[in-house]
Amino acid sequence: MTSNKFLDAKGLACPMPIVRTKKAMNEMEANQVLEIHVTDKGFKNDLTAWTKSTGNELVKAEEEGDVLKFWIKKGE
Amino acid sequence: MLTGMTAKEVAKMVKNKEDLFILDVRNQSDYQDWKIEGEKVSSINVPYFDLLDGVEGVLKQLPTDNKLLVVCAKEGSSKFVAEQLVEAGLQDVSYLEGGMKSWSEHLEQVLVYADEQLKVYQYLRMGKGCLSYMVISGEEALVVDPSRFTDVYMEAAKQEGAKITHIVDSHLHADHISGGKTLADQTGAAYYMMKSEGAVFDFMPFEEHDRIRFAHVDLRVLAVKTPGHTPGSVSFFVNDKLLFSGDTIFVGGLGRPDLGGKVQEWAKDLYDTVYEKIAAMADDVIVLPGHYANLDQEVNAAGYVGAELGAIRAGNELMNQQDKQAFVDQVVANAQTETPPNFEEIIAINRGVDVASPERQQELEIGPNRCALHHTH
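Chain order of the listed sequences is A and B.
Take the first sequence: its letter number 27 is residue 27 in full-length UniProt numbering, and every next letter is one higher.
Take the second sequence: its letter number 3 is residue 3 in full-length UniProt numbering, and every next letter is one higher.
One or more of the hints may lead you astray.
[What the hints assert, rightly or not] Example chain A residues on the side facing chain B (calculated, C-beta under 8 Å, incomplete): (1) Ala13; (2) Ile18; (3) Asp46; (4) Trp50.
[As the list claims (entries may be wrong)] Per the computed footprint, the stretches of chain B lying under chain A, defined by three or more beta-carbons under 8 Å from a beta-carbon of chain A, are: (5) 27 to 34; (6) 49 to 63; (7) 72 to 85.
Everything labelled a hint here was simulated from the structure, so no lab data went into it.
Since the model is a prediction, treat every value here as computed from it, not as a measurement.
We put the CB at the ideal spot given by N, CA and C, even for glycine.
Start from the sequences and build out the full structure, keeping to the hints where you can.
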């Protein structure tokens, strides 16, 4: 999946992955995709809830070893 | 001023029924799944990611006269939010050290019973609703349904000048990882459980050892041995006085059917246990269960979860003069379908079929304890 921006949040603990995600999304245009890599397992539920409450869309999630990968699309 | 509060301190407040207001900043689904509860505990849920731009929105929902505790999964986000609350002028703000993970792991030791020959402690795991016990007599100790925090029991035994020599599991737990095998390895104690539960390591099967005696302790195993069936749970009757009821009887009622889909058989076994064995026991027998569902309702004046058998019998129509089929029908109708989180993996670990790192064990155990959420009344 192609992304417009990449955020490496590996090794960061809550709340930093969401803080960084929010910051990165603020600098993006509608419909652009942000790819995020994290190692904090709790991030998945938090990101799912956060995208819902902010009108963004979680389009894809993958797990590779200890790394969780997400692609989110910025809402209109 | 911002201070950390430990799970132990929270447990004290819950038990002592002190006022506590909790701002839980986890996501909504985690909060709905399980949270810190108590008679004088009130809580609201506002996810930390809704507070990244400031806490002004939540201030008016928070009390100004009560102690405020901010809670999250591990700690980081609660600290992050709590710091902002202090900056916004709130006075008495704490965060939960180690978050819900540490809450899930805290064991609170309470003295249940003591006479010249015997001393019994209960270990309340408030974050899970699980109970474990230690029976001390002379220089020996027996542990019932140990959690994986084996150092707690070893330290307590040491304080009492006793050595752990016997460990019993009332059933193969599906909601938490048993510390039985680890504790047996660490202490050299004999570890007992039902062979029919399918553990693959070496242990002493109750099928061949239905009585354990040491010092002044005489423990009898109450089990309904029905070949081909998964037995739900065995109980332990100590000195004709204390009934460690495992998953058979709770303060609030009878146990829930097992998770293996054999609800009918389980209910019949439960009937036989209740009517053939427990019916013969005296009213003043103290029932000490393996779980509780509602701490405020099930904790007694002495501060432990338990009740006299007579009181439980009186409050439970299922235990009084029921026809077997009616009993089974009722238990089956009340069977709950929700399973504890990760129960298949937890069962595999408790059988010794699977091995998990401490981190993995921690993750598997996080969450609600659905074994105890709904009792069969």
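Hint check results:
1. Below 8 Å, beta-carbon pairs count as interface contacts, and A/Ala13 has one with chain B at about 5 Å; its hint therefore holds.
2. Below 8 Å, beta-carbon pairs count as interface contacts, and A/Ile18 has one with chain B at about 5 Å; its hint therefore holds.
3. Here the hint on A/Asp46 is kept, as its CB sits about 5 Å from the closest CB of chain B, short of 8 Å.
4. Given the 8 Å rule on beta carbons, the hint for A/Trp50 holds: about 5 Å separates it from the nearest Cβ of chain B.
5. Only residues whose C-beta sits within less than 8 Å of a C-beta in chain A count toward coverage, and the stretch 27 to 34 of chain B has 4 of them, enough to reach three; the restraint holds.
6. Evaluation of the coverage hint for the stretch 49 to 63 of chain B: fulfilled, as 3 residues show C-beta separations to chain A shorter than 8 Å, against a requirement of three.
7. Coverage of the stretch 72 to 85 of chain B by chain A holds [criterion: at least 3 residues with CB-CB distance below 8 Å; count 6].
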